[in-house]
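J.: Using the hints provided, position chain B with the ligand relative to the given structure of chain A.
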Amino acid sequence: MPTINLNTAEVPIRESRLGSVTGYKGSAGELCRRSRDGSLKERERSFTQCATCASITAICQVAMIRDAAVVNHAPLGCAGDFGNFNFINRAGQAKRGWRLANAKLLNSNLDEQDIVFGGGGKLKDAVREAKTRFAPKVIFVTTSCASGIIGDDVAGICEEMTEELGIPVVSISCEGFRSQIWATGFDAAYHAILRRVMKPAATRRPDLINVINFWGEDIFTDLFGRLGLTPNYVVPFTTIGQLERLSEAAATVQVCSTLGTYLAAGLEEHFGVPEVKAPSPYGIAGTDAWFRELGRVTGKEAEVEVLIAEEKERIAPELAELRERLAGVRGFVSAGAVHGHSLIAILRELGMEVPGACVWHHDKRLDHGDPRGDSLQHVVTEYGEVPFSVCNKQSFELVNLLNRLRPDIFIVRHNGMAVWGAKLGIPTFLMGDEHFGLGYEGLLNYGRKILDTITNPAFVRNLARHTRLPYTEWWLSQEPFAFLGEGA
Amino acid sequence: MTATATAEVIDLYPEVAEAPRYSCALGGAYVAALAAYGTAPILHSGAGCGIGQQFGQNYAGGQNAAGNYGNTSTPCSCLVEEHVVFGGEEKLRSLIDSTLKIVKADLYAVISGCIPSLIGDDVDAVVKEFRDKASIIHVKTAGFLGNSYTGYEHFLDAVIEQLLEPLPKEKKLVNILGLVPSQHLHWKGSLRVIKSLLERAGVKVNIVFSEKDGLGALKRIPAAELNLVFSPWVGIKAAEKLKEKFDTPFEVIPFVPVGPRDTTSFLYQVGKLLNLPKKNIDRVVKEEEWWAYRSAEYFGDILVIGLPHAFFGVIADSGTAIGLTRYGSNELGWLPELVIVSDNPPEESRDEIRRLLTEGLASVVKPKVFFETDSHKIKLILQKHSLQLLLGSSLEKFLPKGEAVFLSVSFPSYDRLIIDRTYAGYRGGVALMEDVASQYAGPL
Ligand code: SF4
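Taken in order, these protein sequences are the chains called A and B. Letter 238 of the first sequence, counting from 1, is numbered 561 in this note's numbering, and no numbers are missing. Letter 369 of the second sequence, counting from 1, is numbered 370 in this note's numbering, and no numbers are missing.
With the rest of the complex left out, here is chain A (with noise of 0.2 Å):
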């Protein structure tokens, strides 16, 4: 059954696309069952907060790319974070030992006068610009809520500009109304990719994995190369050249599936490369299954065996000791819908309790639809039943439940959200580098940082007691999820 269409230049949004839904109440092994059935809905909001968009997921899987540039087709306040996809990008140049250079960003600046007659103009010339200035090999084109609305023909511009600079000059669909999903920005950057940027496979590279990731620290030249294999990460910080070249690798593999859902399986449909289907790879039992999984695929199964039992056994004794020191430890956990499940299964696995767990968002499926890949079936499958919301980053949900729940940590991502825990007095942390809790190392690296957060709360509690929440006394003794309507 296909089911990546690269021949439409937009991609379907997740809603319809994958039966995503932003809000939902009650437990995992529930939300897994009536994804299945056929029974969930999406349930609106009467109160919504800030929470992100497809244009900002999109840019951040391309902005890093590093012969390519991005010309963002918007008002300039689209562009007001680019300071930081700049900050990121010097962050990974830094790491890499490379010369510190500013990202390749542009903003068309939309104004009234655009809007009126029309941001076609402009935008041509920015992309003009973009050539001039950074000489790339492609030009991604990103859209936003103004371009769609006034309705410019971004596509056709593109096509346009591809033959007047004889470089590819890519659309990327992103436009933050289309979706409440705004992973689907990760989607439309990588339909982009696979559509205009990929070239079919020439030659086979047996030992080459793609990893779909955003941009944490190596941890696979270690683990791969025990395999005999090589991780290609992608799409942040390559090159043009390395991603015509996806389709040489032997399979691909992805840390946190709600970000490589897409690519992963465009990769598998239409060049070849196959998917790693398994749970993700972060608690013993996810881990084992990842990499056997790999194992098979790539034909080395007796390699994967050697390493898991070398690495089990490497990390036994601390782990003994974390599990000992961190039993009944209450952590409740905030993600992102595929790395909140992998958190949950550290957690359990560390022998702590997760008295709740909210992620931003849930897929009833992956575009592969192989069950193997449902992470969070697999975390009741192996730890049984765990509280379990979708909250849409919407905090106000968010601090109402902590507040009730009240436990001894709240592990979390995104920045937005960190705050909250700290200003209930509860200790919080926040892990930007969604490698540090992967594999067996990753057990050992979250049990000590959760040992050090739980330490010393003397900041978190000073910060409660002196800051008034911004919610009244009525919310905070509401139900938490009050204001989630009834599925349509």
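Treat the hints as calculated values from the structure; they're not laboratory data. These figures come from a predicted structure and were not determined experimentally. Take these hints with a grain of salt, some might be off.
To be verified - Derived lysine-lysine pairs resembling BS3-like cross-links, with alpha carbons at most 27 Å apart:
| no. | chain 1 | residue 1 | chain 2 | residue 2 |
| --- | --- | --- | --- | --- |
| 1 | B | LYS385 | A | LYS454 |
| 2 | B | LYS172 | B | LYS205 |
| 3 | B | LYS134 | B | LYS105 |
| 4 | A | LYS348 | B | LYS102 |
T.: This is chain B with the ligand only, laid out in the frame that chain A set:
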């Protein structure tokens, strides 16, 4: 002046922006609302607009968090396709209604972005329905209508039009305008320094943004005897409107004074405007100057050893640029090579800004002045100059610039945490020396 260099780099595609030095009008109104403590912004926009500002205004403004009402706690209508097609008024209505139940705030500021303006929502009408239930204003700031500076002015305009009532004048009360939150990197510190210096001279000061009671501070604006605008251009519109509506005169202090010399003349200037007894000012000046010049002895060695008569460049918003250029030239003996004004001031104020940057300098060297916001063009300008010290934004930090010592002093700066730090006032000059010297004295 370098007419050739100017022409070469400026003419290409004038509007395209690489790594912009401000955000949209929504961004400016949003940070202004957050800075008026106790004000909850309500964004009527796409879901990503507010988060973009978190990275693009708050983190960019010296790695600041957004506070209680910012970031993911900001109510937002998160408009999607169905609203684009059928309108977003109903969504906004229910959002405001639920916000009043859930979010505890003194003032609610509905800030509308690009989408409602493009689809023609009548936001004013919806907001009006709630006027009797809470203090609420509507700041109409489609993103494409301007930048962060304009957004700040839109916010003040909405406050003046929709919130302020005439009040009897309070003697010796002044409002401080023109220091745009987050865009003036050291806004919190600068406002507090100005407030405390003036208070010691017997003035009552309403700094409006970052006062403890934000709504109270806003409402008190009409009571002032005088408005002081600390920018050659931002905030003047608001001051004019306040003059028209409440008969409050205003004075433009076109830059933030850095170091003893300019701070002293600023104090005497205000003294004259408010008819303060001269001895009040004398006392403050005497105490502060003693310590400022005593401090200069402490940094004297490292200054003459490390950076004597340095050729320096400044890249900053106009008010910051003028203050720093004057302090560097007139008090530290540096040689101003170039100034790039990065806040895109309107055409009509540029001559005055150029004048303030080139006249009244002790050094024979006068800076070349550029008006530029695009990072690439700024890079091209820098390549044509050799500097020993560059005061800029963190975007310039890793540009190849020879041996130049670098310190970020302007927006955006992602490489520093800035909360109370400021280069304003007497101690500000010392702080600047500390920070600059730390760049070359350390970390060996
Ligand atoms: S430019 Fe418009 S769509 Fe972009 S962040 Fe600003 S208000 Fe939102």
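J.: Each hint needs a verdict: does it hold in this structure or not?
T.: Here's how the hints hold up against the structure:
{"no.": "1", "hint": "LYS385/B - LYS454/A", "verdict": "22 Å, holds"}
{"no.": "2", "hint": "LYS172/B - LYS205/B", "verdict": "8 Å, holds"}
{"no.": "3", "hint": "LYS134/B - LYS105/B", "verdict": "13 Å, holds"}
{"no.": "4", "hint": "LYS348/A - LYS102/B", "verdict": "22 Å, holds"}
In this structure, none of the earlier numbered hints is contradicted; all agree with it.
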